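Peer 1: Chain order of the listed sequences is Z and L.
According to my numbering, the first sequence holds residues 1 to 103 in order.
According to my numbering, the second sequence holds residues 1 to 553 in order.
No lab work stands behind these hints: they were computed from the structure.
Quick caveat: nothing in here was measured; it's all calculated off a predicted structure.
Watch out, some of these pointers could steer you wrong.
Claimed, not checked - Just a few of them, taken from the derived set where beta-carbon distance is under 7 Å, the chain L residues facing chain Z: (1) 111; (2) 120; (3) 239; (4) 295; (5) 299.
Said to hold, decoys possible - Covered by chain Z, per the in silico footprint, the following chain L stretches (three or more residues, Cβ under 8 Å): (6) 98-108; (7) 139-153; (8) 247-253.
Claimed, not checked - Here are the simulated lysine-lysine pairs, DSS-like style, with alpha carbons at most 30 Å apart: (9) 14(Z) / 458(L); (10) 240(L) / 49(Z); (11) 458(L) / 99(Z); (12) 49(Z) / 250(L); (13) 399(L) / 410(L); (14) 49(Z) / 246(L); (15) 49(Z) / 484(L).
Think of the CB as a built atom: it goes at the ideal place given N, C-alpha and C, for glycine as much as any other residue.
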Amino acid sequence: MSSAVYEQIRRNRKYPLMVARRRRLAHSLAMVVLGLFFGFILVVAFNPKLLATPVSDGAVTTIAIPLGVAMIVLFWLLTGFYVMRAQRDFDSIKREILKEVTQ
Amino acid sequence: MTPGRILAAGAAALGAAPLLALAADAPSQSMNIPAIVMFILFVGLTLAITYWAAKRTKTASDYYAAGGGITGTQNGLAIAGDILSAATLLGISSLIYGKGYDGFLYCLCLIVGFPVILFLMAERLRNLGRYTFADVTSFRLDPGPVRTAAAVSSLIVVIMYLIAQMVGAGQLIKLLFGIEYWVAVVLVGVLMVIYVTFGGMIATTWVQIIKAVLLISGGTLVALLAFAHFGFSFESLAAKASEAHKDGVKILAPGNLFADPVSAVSFALGMVFGTAGLPHILMRFFTVPDAHEARKSVFVATGCMAVFFVMIGIMGLAAVVLVGSNPAYFEGGKVGGKLLGGGNMPALHLAHAVGGNVLLGFMAAVAFATILAVVAGLALAGASAVSHDLYAGVIKRGKVAEGQEVKVSKIASLALGVLAVVLGIMFEKHNLAFLTGLTLGIAAAANFPVLMLAMYWKGLTTRGAVAGIVVGLVSAVLFVVLSKAVWVTVLGNANALFPYEQPALFAMPLAFLSAWLFSVLDTSPRAAKEREAFEDQDVRAETGFPGQAVAAH
Chain Z
1 MSSAVYEQIR RNRKYPLMVA RRRRLAHSLA MVVLGLFFGF ILVVAFNPKL
51 LATPVSDGAV TTIAIPLGVA MIVLFWLLTG FYVMRAQRDF DSIKREILKE
101 VTQ
Chain L
1 MTPGRILAAG AAALGAAPLL ALAADAPSQS MNIPAIVMFI LFVGLTLAIT
51 YWAAKRTKTA SDYYAAGGGI TGTQNGLAIA GDILSAATLL GISSLIYGKG
101 YDGFLYCLCL IVGFPVILFL MAERLRNLGR YTFADVTSFR LDPGPVRTAA
151 AVSSLIVVIM YLIAQMVGAG QLIKLLFGIE YWVAVVLVGV LMVIYVTFGG
201 MIATTWVQII KAVLLISGGT LVALLAFAHF GFSFESLAAK ASEAHKDGVK
251 ILAPGNLFAD PVSAVSFALG MVFGTAGLPH ILMRFFTVPD AHEARKSVFV
301 ATGCMAVFFV MIGIMGLAAV VLVGSNPAYF EGGKVGGKLL GGGNMPALHL
351 AHAVGGNVLL GFMAAVAFAT ILAVVAGLAL AGASAVSHDL YAGVIKRGKV
401 AEGQEVKVSK IASLALGVLA VVLGIMFEKH NLAFLTGLTL GIAAAANFPV
451 LMLAMYWKGL TTRGAVAGIV VGLVSAVLFV VLSKAVWVTV LGNANALFPY
501 EQPALFAMPL AFLSAWLFSV LDTSPRAAKE REAFEDQDVR AETGFPGQAV
551 AAH
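The following block holds chain L by itself, in its conformation from the complex:
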């Protein structure tokens, strides 16, 4: 289970009990006024930013990459915002609430991708790419086939990630604000399209920054208020939590989250290298002016995540005591029964327990804001794959006016918005537990290996790159389809054909292997030229010469 899976699966099992019915002191209240006020403030502010950003979005570079005018610190916050989704806030804290230390392992897996990105990728991405990571993959290769393959795998990752977010969003918003599921999904879709279409990367980045600041400060506040109940002593918190939890002291050490060690290792691989292959994360490295700012953004992002993950660990354990033993948070007042609002609620109940309705409202609004910001980043990454890679790079062979390319991107983001809403509504009742595993698996197997080889291995040719992407994509999809989560749970077969839960451990080596094999077997004149072009590419990757013009905002 990955965070998104937790949210999708957990939320799918929820009833529709409006959250605020839980407020023990005001049982008749059906809507949380502070939450609605704060949510409206957030939407108003982000729409104002979008208006401001729209006036500053003149060129394709402004639209895709904020003109390269985002600072390292700003970009770091935005990257942290992309990773810290509603699934991270609600899913991981509820996992810690339910399983203890195993939930914290997710945090560790989520953060490790970033040092790797910094040491091996960030500078090279910035120095070689303009708008999408396919720029880097296809730098010295034939753009037609390579961009097509990279754009297709980007789009698949983006769409699946979007579905998971949309379904989670619909269920969460329905729960928090008491509105219909489809209304919530449409609302998220409409706001997402507005941010992306009018404000491009500038608006998308600022929405993400604001949300990251709100989320990290809100999470820290809840965690510290909760920690104060234990005199800021971790040992006292741990002792009380293990007393209150049905599993006792077992929650303070890793348990049996995975069916077998192979799945555990495969999961960790998928999380680390999947993060390093997510198109909307990679795209953020093109919004900063140079390699130094690119590096700095990883430092800031990792720091934000580190703080947040420590806080979420405290929140999860504190919730075991403050939520888990308070009858007011359980259906029918039965401690140990079903939590009001369902399995994803410990973080929000905890906010209520330590800060009353106002803090609960604030955190609920932050959760909603988080969804909006994450889907906007995804939509922009998907739209760029369509307009920059497929339309401008492949169909028009790079010969297209900037205005036309941006127009196609806006149409693509609208189409993605409609698609996300339709699929979000279609999959409301489905068990989407497999989606996040699949998304990260594909990112790790189809995007990451060929991108790394393109940057580091002279021998990579167009044939090798396409083979690597296709094999990574197909094998990741096949392994997930044949695994228990789809083959048994969704398709109703008796036994899984692929015995493990996660594809990365198997799909990644297959991708590397086929990229290597098809490259070394490629003796075409084109391949010879591509190998020759590596030396110049490498100098550019190391030095960033010649630089690109940078816009100031």
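With the rest of the complex left out, here is chain Z:
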């Protein structure tokens, strides 16, 4: 029974649209996060001296500290952004599709 419904969902013209949009968003966000993080880790692994640069002349705080904190905060904000976008853009389309095919 559900197989027939799945077939109908697949045929609904909104479905591929929703899937494509969600994938684009999720995959690009994942790329951003993993790219920034592993980029940072590569710098830590191969050239840690670079991160020992002070934030300003005479300061002891290095750029590694604001960069690390900024990444943590950014990753959190990106999760919030995804939650918001998914609820606004995808959940409503999904409900429409399900409504259309289960009527």
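Once you've looked at the hints, dock chain L against the given chain Z.
Peer 2: For chain L alone, kept in the frame of chain Z given last:
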């Protein structure tokens, strides 16, 4: 070194000096009354919750997944609680105290797994699984072999994680409360089994939520009180810390935590994808009613961790100044010598330095609570692998009454409790430094790759899935056994056969490769059916249709 390793290794080296002998103003005091009072309050409250939860646990869904009735916010707190263990609180703050910025790198690695889980896994897990992540892996595959392989790797991860927690717990509690090591281990084991057996996922989740709130608020309080000593100026904190530390300004930038760049990258991979393959974390996505709440829980969890990690950075640096230059916190009053109570103590000494005995007692009780909550989550994940995957899924082929399955799960959690206590006592004196690296390595190599392929790759077949899990598991174990931490340190050989410290960079590609290879070579009719079934699975993964009934608590 990962946080668990730090706790296990650091704690293993400790003497038994009861913590409160350190209170400079009351040197004769051997027990911290506030700590004991607060600990008893916590245990009392959690037992009351377990009683309440037991009355609400009627079906298998209640038992394994809290009936799907946990909200996103609650689940987010519980997930944060699973990650923020005693090893995170004590181990990372002591690592920052000792090595500065390198300790903070752990925090960064620990948090990155969660955006990845959100973008790639959370919704699909919720839409495809019921109680364990093996539900998702075996969704369109032959449940017999796939569930068996997934359950075995889950169990290995859970048991090793449990051993590390138990040994750390025994040593910490012995230290904080002045009771015998084995008594502490038995106490942790008994409470864990009570929470899990009687209260199932409902009790386990609420214990974790309460502890997460206590830990995050306690950590924030200590950090802010300490930060106030520096006029809330980070530059002033950093300047004073680098003056006080033997390594000077070097502590404010990444140093030489890893022997080589390859180990560093492998470690980061293991931390990120290992977190995304931990059975007790993945299981939490089945406790929420729908994909929206699943997503929200990652947002809340990441936010909690972000706050806590910033606080722990401040705590570690502040401890360099406030603990590291105060003779009262060193054995024999020798600044720069051995810390009273051992290497894991900076966070607790700092609590004492900024808030006296009451805050110290509070943080000690929170550390104990943290251990209890984390082991309970682990035990439930392990018991579910036995009862839901092995017993109901494989042995009974899905034909079993719910009550019987839950009964098996309760017996399994009791058995896991006994096993954890026995192994915890057996390994008291052993160097377990390799355990957390191994645990995350296996989670990253045996659980994560096949789970991802099962959700995203049409071509995955039963043979491929089993091959991927087995190769990931075996290669992660082999690489760790042949590495310095086991081959040289534990087994006493002269040279390591595997030159790097972490397995993930090598074991993960091997797992992906063998899953792919054995899938494409699989031309059986079963494989054809499995590939065909992907399309329906994919629609369900995207839409969550048909939904499941949800319980309200």
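Peer 1: State for each hint whether it applies.
Peer 2: How the hints compare with the structure:
no. : hint            : in the structure
1   : 111             : holds, 6 Å
2   : 120             : holds, 6 Å
3   : 239             : holds, 5 Å
4   : 295             : holds, 5 Å
5   : 299             : holds, 5 Å
6   : 98-108          : holds (count 5)
7   : 139-153         : violated (count 0)
8   : 247-253         : holds (count 4)
9   : 14(Z) / 458(L)  : holds, 22 Å
10  : 240(L) / 49(Z)  : holds, 22 Å
11  : 458(L) / 99(Z)  : holds, 27 Å
12  : 49(Z) / 250(L)  : holds, 10 Å
13  : 399(L) / 410(L) : holds, 19 Å
14  : 49(Z) / 246(L)  : holds, 19 Å
15  : 49(Z) / 484(L)  : holds, 27 Å
Violated hints amount to a single one, hint 7; each of the other numbered hints is respected by the structure.
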